[in-house]
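Visitor: Chains as they are written, first to last, in my numbering: chain A, 88 to 427; chain B, 88 to 427; chain C, 88 to 427; chain D, 88 to 427.
Among the hints, erroneous ones may be present.
Just so you know, same-sequence chains aren't split out, so a pair can sit in one copy or run between any two.
Calculated lysine-lysine pairs in the BS3-like style (CA-CA distance at most 30 Å, straight line) [unchecked claim]:
| # | residue 1 | residue 2 |
| --- | --- | --- |
| 1 | K249 | K273 |
| 2 | K273 | K221 |
| 3 | K153 | K273 |
| 4 | K193 | K144 |
| 5 | K375 | K90 |
| 6 | K144 | K378 |
| 7 | K184 | K131 |
| 8 | K166 | K317 |
| 9 | K316 | K90 |
| 10 | K221 | K316 |
| 11 | K378 | K249 |
| 12 | K153 | K375 |
| 13 | K330 | K273 |
| 14 | K375 | K184 |
| 15 | K273 | K131 |
| 16 | K221 | K375 |
| 17 | K153 | K111 |
Read the hints as simulated data drawn from the structure, not as lab findings.
Number of protein chains: 4
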Amino acid sequence: MVKVGIAGYGIIGQRLADGVVLQKDMELVGVVDVAPTLSVRALKERGMPYKLYAATKDNIPALEEKGIPVSGTMEDLLKEVDIMFDATGAGIGAKNKALYEKHGVKAVFQGGEKNDVADVFFHGYANYEEGVNKNYLKLTSCNTTGLIRAIDCLDREAGIEKVAITIVRRVADPGDYHRGLTNALKVDKAPNHQAVDLMTIMPHIEATGLLVHTPVTHGHFISVVATPKKDMTVEEVIETFEKHQRIRMVSLDEGFEGNASLFRYARDLGNPRGDMYEIAIWRDTVVKSGKDIMFGINIPQEAVTIPETIDAARAALGMQTDGVEGVTKTNEYLGMGAWK
Amino acid sequence: MVKVGIAGYGIIGQRLADGVVLQKDMELVGVVDVAPTLSVRALKERGMPYKLYAATKDNIPALEEKGIPVSGTMEDLLKEVDIMFDATGAGIGAKNKALYEKHGVKAVFQGGEKNDVADVFFHGYANYEEGVNKNYLKLTSCNTTGLIRAIDCLDREAGIEKVAITIVRRVADPGDYHRGLTNALKVDKAPNHQAVDLMTIMPHIEATGLLVHTPVTHGHFISVVATPKKDMTVEEVIETFEKHQRIRMVSLDEGFEGNASLFRYARDLGNPRGDMYEIAIWRDTVVKSGKDIMFGINIPQEAVTIPETIDAARAALGMQTDGVEGVTKTNEYLGMGAWK
Amino acid sequence: MVKVGIAGYGIIGQRLADGVVLQKDMELVGVVDVAPTLSVRALKERGMPYKLYAATKDNIPALEEKGIPVSGTMEDLLKEVDIMFDATGAGIGAKNKALYEKHGVKAVFQGGEKNDVADVFFHGYANYEEGVNKNYLKLTSCNTTGLIRAIDCLDREAGIEKVAITIVRRVADPGDYHRGLTNALKVDKAPNHQAVDLMTIMPHIEATGLLVHTPVTHGHFISVVATPKKDMTVEEVIETFEKHQRIRMVSLDEGFEGNASLFRYARDLGNPRGDMYEIAIWRDTVVKSGKDIMFGINIPQEAVTIPETIDAARAALGMQTDGVEGVTKTNEYLGMGAWK
Amino acid sequence: MVKVGIAGYGIIGQRLADGVVLQKDMELVGVVDVAPTLSVRALKERGMPYKLYAATKDNIPALEEKGIPVSGTMEDLLKEVDIMFDATGAGIGAKNKALYEKHGVKAVFQGGEKNDVADVFFHGYANYEEGVNKNYLKLTSCNTTGLIRAIDCLDREAGIEKVAITIVRRVADPGDYHRGLTNALKVDKAPNHQAVDLMTIMPHIEATGLLVHTPVTHGHFISVVATPKKDMTVEEVIETFEKHQRIRMVSLDEGFEGNASLFRYARDLGNPRGDMYEIAIWRDTVVKSGKDIMFGINIPQEAVTIPETIDAARAALGMQTDGVEGVTKTNEYLGMGAWK
């Protein structure tokens, strides 16, 4: 039984906790935060299904004043765990790393950290083996994680030479008040980091891309133009995607009209927090231009990196040294793959 | 054990199903729908925790073609239930009523139906006793249901003479594609129906109001100006609300910045579908002008009517003939009242 | 011919420039800004219809590098003008005041400054005479300016005792990228400053209010509950508003469905920048509850304060010492009052 | 002096009127509409700078009841004009065509009509000569019009083989209440019609594309992946675009952060209705992947087709038989090309 701690109990941290709880070969020892945020208050109202640790001693009074039970500091937690999932804000993970090293604890960082925080820039499907028995892994960001699922499985089938992506980015998560756009699209400098990151993880592919922020909260949309080495028909592309356990193929005529349909569907499924681990690809968007394949992906930004983060723990701790075995175990415990 | 059926498996119907399943003295026999909507597909993907009936024989082939197991028609369901919750689209409930009468089944209609479909226009707190042993009850709409909770409890404390409300209405539910507003406020003719409905349920109060539609999906906001007979301090108003099991008092400094904070909090609580049964009132919005009391309410439109609809079944079937006993039983089974 | 300068060439500053240019008894000497913003670039592309001054010498190189002709610094401008309209960001006006005093130049500040920057907190209709021959005036904010127009004219007719307002606030202006809300309402602590400001300007009225930010850009909406001393019918209220030159009465059946209709209408009228100086009140929203009058106002936030700011110059410079004469002159040159 | 009439006085019709008024070799005889819409009311409030005709006799009473001066019916107008710009709703243009034929009047239809309504599917830059002296021309839609400007000028420079586009579509115009999206992206079936239309106008290019609707009102965004025959550097691509009179090159560091910046800039320029005839391309988005060129376009949907529609009149009436002369004349009168 591997012992896991989580630093940062926000959008990602809470969902990592949900995911770890489902892994039968992992135990969630506790989570770390700095203040009585809404998420921490909800943990208390739920009856503390797992323990909360304060980041430092200084954070304890503010938490206890609100009646939140605190089990100690992050250093106390570090004495009890094998690995930390670091889901703190960008830059804080790099500072936490010194503590992880001090306590000899491995760690998986989220996409907001710089690459040099980790030994390996990791994706469960694309380079699992590179993470095996390493100490510090950094996960790809939400868009890159979902994008690589799709590109990797086409790459295994037909070899991918080149990719040009357009990201229609959701600008905030539901409940965010610290950022937002109102009646505006916002353009980023090209190429976007997701294209660059894809080339880091899959160096044999040339990638570029544009990104536009849009005033919505339920899921990014990525439009992909991929050039395969071997010609594939639209039907072969769809079949390839349908075999993937972390891809959900959907259609407009089923009622999946866009990102918001998928959010609604996840709630209707009774998924915890209305979350979705799978990316979705619309069958109706798979088209070709010459040999190039074009298709559209929905990225459920709040939960999409959870499976690959759990994969990272499996690799780092050597729980499974083979990628297929590792991701399959994660998928099994997360209950993925039921949709066919 | 009272046997319940639900007609219409959409936003409200699904949540009524969730709520009935939690009532230990009710059994959900099945739900009725007409087509393989996303909600029906999700029911299937969840493994059919309860049975689905087709509205008519004609609807069966389209459902079965998508692999949805169908247990019969609505008439088959009506033979097995004591009461129906009718959550079909506006106007359809009136047509269904003929079937309910034919089978001697009682029914509770949602706010979209016209008042004359029912014997009583019902609210669990304001007029429970009027619904006792009646055959056909119609519930107030989501805004009116939440509004009456707040007005009724002030009325019991200090007597309310007059109410002027401004409704900042969410224009669509998450996942809605058949309606929407983009960068626009939409003004309705005054007075709004919620003020008129409040006077129907509570005829001793004079009410009027304005309504503005806004491009958001997570909860309506109602600004209330209420004139009490007896003067109340701001503190007394807050205390009165805090005692109510279906009202959640929140503050800006806790992190509840608006409707979206409450939606996020409900998801973080692990509530089914991320739903909230309670209305929320901000302590920071309770102010006075002369004797008049002003405050702001958040109405979680998807789930707010569920408790009062269950109250209606308790009244109609005479399960509890006293209002306090009726609503208390509903609250107990829904797990409400933990927040203080 | 009175000589006017404008500090801050943003949303408000540009529109003040438009308004001053239309006044036949005022001359716009120039405008001041600090950087080659889009507004400054547009001024250049339009061929510099008036002069631009840099706030300080330090700002000149960055402006000239982009080819923007600079006529000197703000101090150079101050030597040539009788009065400055200060439309800089909040807090900067207070700093500029030292310069205005040094050069013996009068000034009108916008609502973002603190009240103590000025001798008088000013509104053209409610307290024109208090501003006559004063040196420093501060205008009410956009919402308060529009609100007072409506309350003042009811007050003159029937005496207003008490006001409770609900502001549905547009969260950003068209083109704003530095602030925004996405799918969220944001609640403010009550009472809002607009109610407090109204009591400062009209101390015989008791006022309170709530404010909710909404993700739209075209106009605030204010729902007003006003208690008059003398009873007025709905028709009398409408007639009173219709006589006001800065109020435009509109109806839903004409096609004015909300704030965005008014924005579109102003563009269709060919108004400069698609601006509207008038507030709009919907006839369909004027209702009563007991003696209380309720109605809904649209506040075109970008341009609504322009007329009252020009009134302030008339008062401060003693161009007209009588309020009716002052506002009438402003209205005449702005071309207001055509709509009846 | 060529005599022009306009059918349909909505978003496009009003802007065509603005554009025709600026053409020194065209005379706007009048515009046609069916009801006292806001646009028609604004025309009246502006003092009827041009005449209004009712579509049929039956429409006259409703217009006159609102005090709108009516100069006759569309048939009366048809007796006086050489060409009609038909900007009525989709499908109505096809019905109007019978009247145009009866009166021997040429016509230019907008993109909403089916292609078979016209002799030529027209774009001023891509196929001007095909429209010369033809009777019925149909313009490309707003997205296709702007897209072809960019593709055509690259095609002339380097030859374009293949294009894959992703359209981030604004879902409604400012002031629209009859359609809208709230917190949702909506996906369309691929390939989108714009890609298909591009191939119709430029049959030597293979094109495909995806389209996602977004809840904004100020401009579409098109992400283009274009495969040239001849390799071009990023600098050459930018230079090619900069020479085009209907393309405005912009940069993020100038303050053009997205579609809303361009809308604001057009208002600041004092353009009528805050309109922009040019498409904008961000220098920051021009990147390459292998030989493929990628870039992002802003399409100002309300006004972008005006220049090409005027080109169409020049072609159909043989005012200029050479394309370069035709578009240059249009540009001159519209005041385009000042930006370099």
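Visitor: Hint by hint, note whether the structure agrees.
Guide: For each hint, the structure was consulted:
When the C-alpha separation of K249 and K273 is checked against a cutoff of 30 Å, the pair qualifies both within a copy, at 26 Å, and between copies, at 27 Å. For a Cα distance limit of 30 Å, the shortest separation of K273 from K221 qualifies neither inside one copy, at 38 Å, nor across copies, at 42 Å. For the homomeric pair K153 and K273, the shortest alpha-carbon distance between copies (23 Å) is at most 30 Å, but the shortest distance inside one copy (39 Å) is not. For the homomeric pair K193 and K144, the shortest alpha-carbon distance inside one copy (23 Å) is at most 30 Å, but the shortest distance between copies (55 Å) is not.
With identical chains, the CA atoms of K375 and K90 are never at most 30 Å apart, being 47 Å at best within one copy and 46 Å at best between copies. In the homo-oligomer, the alpha carbons of K144 and K378 never lie at most 30 Å apart, since the shortest distance is 60 Å inside one protomer and 47 Å across protomers. Taking identical chains as interchangeable, the C-alpha atoms of K184 and K131 lie at most 30 Å apart only when both belong to the same chain, with a minimum of 28 Å there against 45 Å between chains. When the C-alpha separation of K166 and K317 is checked against a cutoff of 30 Å, the pair qualifies neither within a copy, at 52 Å, nor between copies, at 60 Å.
In this assembly of identical chains, the alpha carbons of K316 and K90 never lie at most 30 Å apart, being 43 Å within a copy and 58 Å across copies at closest. Within a single copy, K221 and K316 get their C-alpha atoms no closer than 33 Å, and across copies no closer than 46 Å, so neither meets the 30 Å cut-off. For the homomeric pair K378 and K249, the shortest alpha-carbon distances inside one copy (11 Å) and between copies (11 Å) are both at most 30 Å. In the homo-oligomer, the alpha carbons of K153 and K375 lie at most 30 Å apart only across protomers (28 Å), although the nearest pairing inside one protomer, at 57 Å, exceeds that limit.
When the C-alpha separation of K330 and K273 is checked against a cutoff of 30 Å, the pair qualifies only between copies, where the shortest distance is 25 Å, while the shortest distance within a copy is 35 Å. Within a single copy, K375 and K184 get their C-alpha atoms no closer than 46 Å, and across copies no closer than 37 Å, so neither meets the 30 Å cut-off. For a Cα distance limit of 30 Å, the shortest separation of K273 from K131 across copies, 25 Å, qualifies, whereas the shortest one inside one copy, 38 Å, does not. Taking the shortest Cα distances, K221 and K375 never come within 30 Å of each other, neither inside one copy (40 Å) nor across copies (35 Å).
For the homomeric pair K153 and K111, neither the shortest alpha-carbon distance inside one copy (33 Å) nor that between copies (34 Å) is at most 30 Å.
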